[in-house]
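Peer 1: Produce the complete structure using the sequences and hints provided.
Protein chains in written order, with our numbering: chain A, 291 to 614; chain B, 255 to 546.
Hints in this document: simulated from the structure, not taken from any laboratory. Be careful, since some hints might not be right.
Stated by the list, open to error - Using C-beta positions, here's what the derived DEER-type ranges look like: (1) Gly381(B) x Pro362(A): 24 to 34 Å; (2) Trp382(A) x Asn310(B): 36 to 46 Å; (3) Gln311(B) x Gly405(A): 29 to 39 Å.
Unchecked claim - Coverage of chain B stretches by chain A, computed from C-beta distances (three or more under 8 Å per stretch; other residues unrestricted): (4) 281-291; (5) 306-313; (6) 373-379; (7) 515-524.
Stated by the list, open to error - Far from chain B, some chain A residues (derived; all Cβ distances over 10 Å): (8) Phe354; (9) Gly367; (10) Pro431; (11) Leu459; (12) Val507; (13) Val519; (14) Pro522; (15) Gly553.
Note that CB positions come from ideal geometry on N, CA and C, so glycine has one too.
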Amino acid sequence: MTRTTIDMPAPSARTLGRARAKPSGMSRRKRRDAIIGYAFISPAIIGLLLFVGYPMVTSLYHSFTQWNGLTPAQWIGFTNYVQMFTHDPTFWPSLGVTLLWVVVSVPVTIAAGLGLAVLVDRAFKGVKLFRTIFYLPVVLPAVAVLTLWKYIYDPTYGLANEILRALHLPTVMWLGDSHTALASILIVGVWGIGGTMIIFLAGLQAVPTELAEAAKVDGAGPIRRFMQVTLPMIGPILLLQLVLQLNGAFQTFTQVAILTKGGPGTSTDLLMYKIYTDGFANFIASPNLGYATAEVWVLFIIVMIVTLGMLRLTRGRFTAGNEA
Amino acid sequence: MTAVIARPRRVPLAQRVPLVLSRIAWYALCGLLAVTMLLPLVWMLSIALKTNGDINQIPPTFFPKEFDWSNFVNGPNQIDFYRLLMNTAIVTVASTIGAVASSMVVGYGISRIEFPGRKLWFALISGSLFVPGIVGLIPLQHLYISTGLIDTWVPLILPAFFGSPIFVFLARQYYQSIPRYLDESALIDGANHWTIFTKIMLPITKPVSITIAIMSFQLAWNDYLNPLVYLQTQTKFTLSLGMASFLGDTAGSQYNYYMATNLLFMLPPLALFFLAQRYFMEGIGSLGTISK
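Peer 2: Written out as structure tokens, the structure is:
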């Protein structure tokens, strides 16, 4: 396995040698390469400016304004933020639910995905069929899956209670009960664990078998082999998955929009969904897009802090095992 | 991978029994999980085949009493399904073309041409992977309103043509694995970068193009938030949007219609999956190698 940092390959000795030998010729080629290089990456540069840079700058500005989207925005300083933190009765509950969701769903997804990957990292007959079946839900459109699950959770006609009744267990209100709604959404997520499984599986298969064999000879049991050989080897993948899943969990939207619309009460009112209702759905009732963009920035800053914190905390820890 | 099976040495009986047992346990566990995973889909198929009288039975039965295939006609008719299918296909195909073309070009530039600022731009592109999509939603909606592009498919297609970071990443990853002497010798022979890109690189990077195509197909086919924000007219809806509102409007008592239509909605990505399964698995798997 190669090093785990994102590094450009060092220029080959040949190009370096040539650069020193013929400085003037190289500089002309260099200039031409620069123009052509920028031409090649220009779509991404335009994309960055148009779809990332422009919205970031304007939305940061709008978060300090009262703005209905039609007439020019009025600068109101930190009023939106102050209102969010002190007056909005749904902001803190929404943030609380979001953090709970992230803290629970990310470890569950990672652990289940890794567990399933370990399970199907065998050469047994039929393993490919199992992999395909486990991956299948990932292929299906989110809305198709979620609407199916909404009916599965139907208290009267749904499959979930049908199973509970068959097992003579008490039935559950699932999405209709504020105590079980978030967990019900998580179950749908676990059903789609195959994506995470495949990523970890690719990582596991890249681990040289000699390493595990050597540890086996040294008398390490399967759990110790996994903790001390396999886990450090797939460390970089684990870290990347962790960061991406955290990002995804903070931005969970479609599940809530289709399954619960934030309810019952505020039990599933994730910040992403609250932003959507404030900025788009309830726009006619209270037309302040400035407020919704302020919420966007709060979410954005939280995601940034968590992502950078994650990268910082784990820096070196995973790569160290790799170099050993 | 086949080490377990191919081991020539005879294992003593005392060891073979637990080996067989653990294998049985493995099959039992995988089988149980597979049945659990498939159960919702089987149940959906069963509902899609139930008659109108059958779906509202209390307590519900798992299997339909008789198969009602007309749901696959009546269901889609409730929401003008084939028009929405066409809309979704147009949006999906267009953004897939855009995604492949732009990420292959940008990926080439960022990995095979040396120019000042390359590292910085690559860092910016990869960094933008972590900017939540919601940041752009409100400003872009107003940009599209003021340019008259709201309620068209342009907002759904256009971004794909500007190199989405994740695909640029994948493309670059693949380009990096191609030996340098290929383009260096072509450059010495007088070929320019565009020729190298089209004549040498595009043919040998086909696997990653296909991976990007499949992933972008899925993204576009499955997208819900963007159509929700950018489309208003029912006749322009994509299937995600149409199916979500179908559930809200009429499905209340006609879940057999709904599930039959839902099955048709799932069919194109399913078909693609079974046709190009290898690329799906390897493509998604290669996401894990990004951190290398």
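Peer 1: Now, for every hint given, state plainly whether the structure supports it.
Peer 2: Each hint, compared with the structure:
At roughly 32 Å, the beta carbons of glycine 381(B) and proline 362(A) sit within the given window of 24 to 34 Å. The supplied range of 36 to 46 Å is met by tryptophan 382(A) and asparagine 310(B), whose beta-carbon atoms lie about 42 Å from each other. The given range of 29 to 39 Å is respected by glutamine 311(B) and glycine 405(A), whose C-beta atoms sit roughly 38 Å from each other. Counting residues of the stretch 281-291 of chain B whose C-beta sits closer than 8 Å to any C-beta of chain A gives 6, which meets the bar of three, so the coverage hint holds.
Given as covered by chain A, the stretch 306-313 of chain B passes the check, having 4 residues with a CB less than 8 Å from a CB of that chain where 3 are the minimum. Evaluation of the coverage hint for the stretch 373-379 of chain B: fulfilled, as 4 residues show C-beta separations to chain A shorter than 8 Å, against a requirement of three. Note: the stretch 515-524 of chain B has 5 residues with beta-carbon separation from chain A under 8 Å; the three-residue rule is met and the coverage holds. Listed as outside the interface, phenylalanine 354(A) is consistent with that label: its C-beta sits roughly 14 Å from the nearest C-beta of chain B, beyond the 10 Å cut-off.
With a minimum CB-CB distance of about 19 Å to chain B, glycine 367(A) clears the 10 Å threshold, and the non-interface call stands. For proline 431(A), the shortest C-beta to C-beta distance to chain B comes to about 4 Å, within the 10 Å cut-off, and the non-interface label is violated. Leucine 459(A), annotated as away from the interface, keeps every beta carbon of chain B farther than 10 Å; the closest lies near 14 Å. Under the 10 Å C-beta cut-off, the non-interface status given to valine 507(A) relative to chain B holds; the minimum distance is some 14 Å.
Taking the minimum C-beta to C-beta distance to chain B, about 16 Å, the non-interface status of valine 519(A) holds against the 10 Å cut. Every CB of chain B is more than 10 Å from the CB of proline 522(A) (nearest about 14 Å), matching its label as outside the interface. At roughly 15 Å from the closest C-beta of chain B, the C-beta of glycine 553(A) stays outside 10 Å, upholding its exclusion from the interface.
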